[in-house]
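Chain residues, written in single-letter form:
There are 4 protein chains.
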Amino acid sequence: MEKINIGMIGYKFMGKAHSHAYRDLPMFFPKHIHPEMKVICGRNPKDVAEAATQFGWQEYTTDWKELIKRDDIDLIDINAPSDVHKEIAIEAAKAGKHVFCEKPLALTLKDSREMLEAVEAAGVKHMVGFNYRFAPAVMLAKKLVDEGRLGEIYHFRAWFLQDWIIDPDFPLVWRLQKEIAGSGSHGDLGAHLIDMAHYLIGDISEVMGMSETFIKERPLPSNMTGLTATGSQGGEKGPVTVDDATLFLARFANGAIGSFEATRFATGHRSTNSFEINGSKGSVIFDFERMNELQVYFVDDKEDVQGFRRVLATDAAHAYSDVWWPAGHTIGYEHTFIHSAVELMEALKEDRQPVPNFHDGVKCQQVLEAVEHSINERSWVDVSKL
Amino acid sequence: MEKINIGMIGYKFMGKAHSHAYRDLPMFFPKHIHPEMKVICGRNPKDVAEAATQFGWQEYTTDWKELIKRDDIDLIDINAPSDVHKEIAIEAAKAGKHVFCEKPLALTLKDSREMLEAVEAAGVKHMVGFNYRFAPAVMLAKKLVDEGRLGEIYHFRAWFLQDWIIDPDFPLVWRLQKEIAGSGSHGDLGAHLIDMAHYLIGDISEVMGMSETFIKERPLPSNMTGLTATGSQGGEKGPVTVDDATLFLARFANGAIGSFEATRFATGHRSTNSFEINGSKGSVIFDFERMNELQVYFVDDKEDVQGFRRVLATDAAHAYSDVWWPAGHTIGYEHTFIHSAVELMEALKEDRQPVPNFHDGVKCQQVLEAVEHSINERSWVDVSKL
Amino acid sequence: MEKINIGMIGYKFMGKAHSHAYRDLPMFFPKHIHPEMKVICGRNPKDVAEAATQFGWQEYTTDWKELIKRDDIDLIDINAPSDVHKEIAIEAAKAGKHVFCEKPLALTLKDSREMLEAVEAAGVKHMVGFNYRFAPAVMLAKKLVDEGRLGEIYHFRAWFLQDWIIDPDFPLVWRLQKEIAGSGSHGDLGAHLIDMAHYLIGDISEVMGMSETFIKERPLPSNMTGLTATGSQGGEKGPVTVDDATLFLARFANGAIGSFEATRFATGHRSTNSFEINGSKGSVIFDFERMNELQVYFVDDKEDVQGFRRVLATDAAHAYSDVWWPAGHTIGYEHTFIHSAVELMEALKEDRQPVPNFHDGVKCQQVLEAVEHSINERSWVDVSKL
Amino acid sequence: MEKINIGMIGYKFMGKAHSHAYRDLPMFFPKHIHPEMKVICGRNPKDVAEAATQFGWQEYTTDWKELIKRDDIDLIDINAPSDVHKEIAIEAAKAGKHVFCEKPLALTLKDSREMLEAVEAAGVKHMVGFNYRFAPAVMLAKKLVDEGRLGEIYHFRAWFLQDWIIDPDFPLVWRLQKEIAGSGSHGDLGAHLIDMAHYLIGDISEVMGMSETFIKERPLPSNMTGLTATGSQGGEKGPVTVDDATLFLARFANGAIGSFEATRFATGHRSTNSFEINGSKGSVIFDFERMNELQVYFVDDKEDVQGFRRVLATDAAHAYSDVWWPAGHTIGYEHTFIHSAVELMEALKEDRQPVPNFHDGVKCQQVLEAVEHSINERSWVDVSKL
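Residue numbers (the working numbering), protein chains in the order written: chain A, 3 to 388; chain Z, 3 to 388; chain E, 3 to 388; chain L, 3 to 388.
Calculated from the structure, these hints are not laboratory results. Possibly wrong hints are sitting among the right ones.
Note that the list lumps identical chains together, so a pair holds whenever it fits in one copy or between two copies.
[Claimed, not checked] With a straight-line cut-off of 30 Å between C-alpha atoms, the simulated DSS-like cross-links for lysine-lysine are:
#1 Lys71 x Lys283
#2 Lys112 x Lys283
#3 Lys351 x Lys144
#4 Lys48 x Lys351
#5 Lys144 x Lys96
#6 Lys33 x Lys48
#7 Lys5 x Lys96
#8 Lys239 x Lys71
#9 Lys351 x Lys33
Sequences and hints are given; from them, build the entire structure.
Laid out in structure tokens, this is it:
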């Protein structure tokens, strides 16, 4: 059985999701290259040691530079905070390692382009963590578009609605600080929507956006890790430097028009990551909170029974259905990471670039920045000019 | 313009619904016979006079026997309490009037059969008020069954769930007294389900039921009209003599099997009047709270896009759609009565019996009583034996 | 019984809806001023005569100028095409008649302001036909906002999705011609969304929009009335001069942000007229295709049972519920017009302006034009500058 | 770290699900006893060897009797076909092993009682695989019942609808043969509903059922494993000896009434495993196809905002939420097995019987057989008499 030796950097939310993907892969996809969970790396030796044991990594280290140099490592999987993606990815590429990097690729378009140049110069394989592409219901949407079953595309609308910081006393965690997170809802949630648009519809030619920070100051956190944190006792506050919500309108190269909304202030929505496509022959609607379902409509259905169908993407005809459970038995969030890892392993086996890769990461960053420009300039921005 | 002169008895909930149907009919169905709102009849002179003015009747009376004798009346529409249906219908038939009677036709199977005999002997037209047949979404279900698009029928399940008497202090209104109402949820709600089964699937051959009265005593009402009432001040209580819930299993003559549930104790359900049909080629699901919609599934849909479609029965292909509003603009409860009246007027014009008529009323009563027998006998009952 | 004598101009889609409202009103709202259906007016004598009989008007005429002068007319109800609203409304006001005008008030902001000046100068009552305000579920949303139960408002998003012209062979009806219709989806559908925003959230301060015409040429119609038409035989085509879809972003005076989308190219959506509000304490979601329902979420629900509630706005606590049917028995599209008429009658009785009135019509027109400016200028436009 | 050495018998559908549960458990529940995946056992040496490698078992064997005798095995997990459960479980208990047995416990009530006696005599721990209890949304329902938040329970209705054998050419697999499977939809699907009823509501006192086999003959399979099979070439047919659908009515000891339906002929339903509870204070509705959701209704909600809430059971307040992903990120079918394994490990650690155990298995079997008696006798059957 062929194996690929992995070194992973970061062991929080994404590190856990990726670790589990590698752990499950050989059981459900036994014919693929097996990811060997070699070394996990993190800053805190006690915590990373614990994570190694818990997740099933053979070794751990606190020195990512050493890790990258090891001859017995084939691929570096980057789940560290966004502000260190660039340095690690470039160094890893220089060391000849394949790179799997969580989104967003970097904090700026410039940085992401340097990363792409580095992996291309090194000739290594590279992938970016847009996991939502790998929900079978999303893959069905892609199939319907690609086979022309939705016809010419007119509309794409996408919205990623969360409410986890609706409480004004929720503390000023790193995700609310521009210097670490790059942006707020825009880079965190909007990035997923943009990638989905690229995947399903194609290139975006111009954009026009707006953003807002509803709660402008928040309590400084007394500690902060992953997604959770606790407020400071003294009640001292600091400025929120990222957007709470960012919306934008867009034109696609193929003539379709789009609207995008990313917000952390949509009360009642835990993680409504949705899109709708309207074409000349049909439409689809997806909502990640019901990730096994795709609503599908066809213009040419018999005239007395036209309506959106609720397709449960667990039938034999759907992606990965042979691997999981019988029809009607649903899968969850973590499966999108397993499927991502499968694509990575398949690409390595077939000696091709996985998809989505750093090109997709750069393209996403380009739109993110174009939107930011349009917000600052209060006008439309041509994406290709960036 | 041809007209039919109507005398209506009863002016509460159903009287209002029927009056509105006659009032709207000439506007939306101008080519049909027009119902002339001649005389309305009720026991309380002040109230019936007010109803006449409000609803648009030309005259009112408190004497239904006089009303029936009038030469200028062609049709008697009975919306009085169930315990007086029989006498009125038979007298009206004897007087040569057509009869439109609200459901349930009578309190007993025997009575309903006498009513049917009377209208047949008199050679008049007769109709029974199973209004739910006339929702366009239900008519679509019927069409799919009749055209064989659902294939051979395996399952029919129907449930009518309400919660209006969930409060133990809700008073002992007439609908909770066996001598006036005949039965509780069974005759009130179950009757609609049984008629729907007859309409959509066909004859029921045997049944087996159970029923329960959860709240066995209730405050005597200080007054009581229509659906509302207020409890007595003194808190005196009386026994509830009807069923709060009745369930039964059934076999149909065509081999299908069925389950039925009628209850007034389904907390949270205001009026969930639903059915589902499963056939060898497809299925449909209906819920009256979303009465413009029918969920439709076809086995032969392409294998990657199989799922229940939400069909909004307001398209050009659906019943009565030319008369109402553009596609997507929904209609409401009262429209089922307008459509019932349209069927009545059409039948009169074409000199045929309207559907559903007293035959359907008797058939419904037969199943209602068979279920009661099965409850008493704690065993299956052959419907045809009654 | 007090009465108000009505003269109506126009007898197609809206004329029918308004006529039915007046016809139903005295039956369901007997204590209000009664609308007396005096005269209906249209250009085609045969058709208007037929409409008069069918709808229940006492007289008909083809001369709206004569109609306006009649002493026995108190109110002019304008349902004619948008391009003649202005002249009729101003003349009617000058003649001292109250005016109820369908939306959009006029083709331009300037015209609508002249209309407002005219009714104010004349001291008459004026109303504009934003009927969707009068769905009980929408009124519940308004109540929750006004009582502060949603807290501070962060987001308003609204989308009106239709698909009736998705077929490229659908002919070039008047609604697709700028000189008659003013605009396409923007003025037809977007206007309703804008009014809903004004009603529920408040003033819009700035906007930024985009629009698109997907099918740029269509067959010339051989005839055209109301919403339907048939294509020309020869297949000659003409240019579509209105927008198929218009989207815009907005800021509200109170700090909320909004997104709006109106389109006739949302395949599968017959009439999805929807909005969502997210506030600091709660959220609501409305969809006109399920117009009796409001999804409601509260932040302070017990932590283990938080979720959007599907509220059926037919309970005793909801608007107009005493007038219609028991809880769970739904109403339809036409009821929004009946409720509009009730507001008009109540305002006349109480000698106050009805709401929404021409002020709301002008405000809506102002935003519509601001969006058009923003599209032409490709930048944000300050609404108050217009 | 404490460990428990497991020997598993069976490696198909359930064997895979259980294996994965043991594999995932140490990663997500690191503080619990770790299940050591020691030996897997099956009849076909090549296949079981492959399964061992794929699933992560240290060894494999084809001799379950040898396996049971091994000193280094603490627990036997039985996923073999139902007809061999009894022998294995009893032998394992005699050998002093804890036993985790898939449902149904046995083919008959008598057999299941012998199994219970055996494990009790041996003093070992025993568990039965009613995995659906362990969906967090189901656990929320249980919590609401137990805390009295639904009040006195009136109604329980449960339906498990599938359509995998709707095709008459689907072959005669072992699940359609009484001698191996015991029964059809009744024991396969109905058993889950009955256990859910026991878990949520309590003991069932009497039942009355019906069943039907719609397709009475099917092609003999040329081969048959797990859930899939292929029809014989020659088209030879054999009799289906199990029920395609079984329905029954029930009374609970606490006064509630229930209806149950299990069918494999509900066209369009891949795996609709649902229940609804109506109580004096509230109601809940669950559908396994949307297993992360529970619909919840409370009578004491403010009167203008009453309605079923869609609760996504992924919030901090819900079971296992700390272990999985952020709120709104759903889990799938396989997680019910992981949670089952957690209960088993916890019980072992705390030296108590896990729940559900063989008592629950016997109780379920008792109701299954009571229903079969009622079908044969065509009358109500007292469950306690069996």
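We went through each hint and held it up to the structure:
{"no.": "1", "hint": "Lys71 x Lys283", "verdict": "neither (53 Å within a copy, 52 Å between copies)"}
{"no.": "2", "hint": "Lys112 x Lys283", "verdict": "neither (39 Å within a copy, 40 Å between copies)"}
{"no.": "3", "hint": "Lys351 x Lys144", "verdict": "within (24 Å within a copy, 48 Å between copies)"}
{"no.": "4", "hint": "Lys48 x Lys351", "verdict": "between (35 Å within a copy, 26 Å between copies)"}
{"no.": "5", "hint": "Lys144 x Lys96", "verdict": "neither (34 Å within a copy, 56 Å between copies)"}
{"no.": "6", "hint": "Lys33 x Lys48", "verdict": "between (35 Å within a copy, 16 Å between copies)"}
{"no.": "7", "hint": "Lys5 x Lys96", "verdict": "within (22 Å within a copy, 43 Å between copies)"}
{"no.": "8", "hint": "Lys239 x Lys71", "verdict": "neither (42 Å within a copy, 65 Å between copies)"}
{"no.": "9", "hint": "Lys351 x Lys33", "verdict": "within (11 Å within a copy, 37 Å between copies)"}
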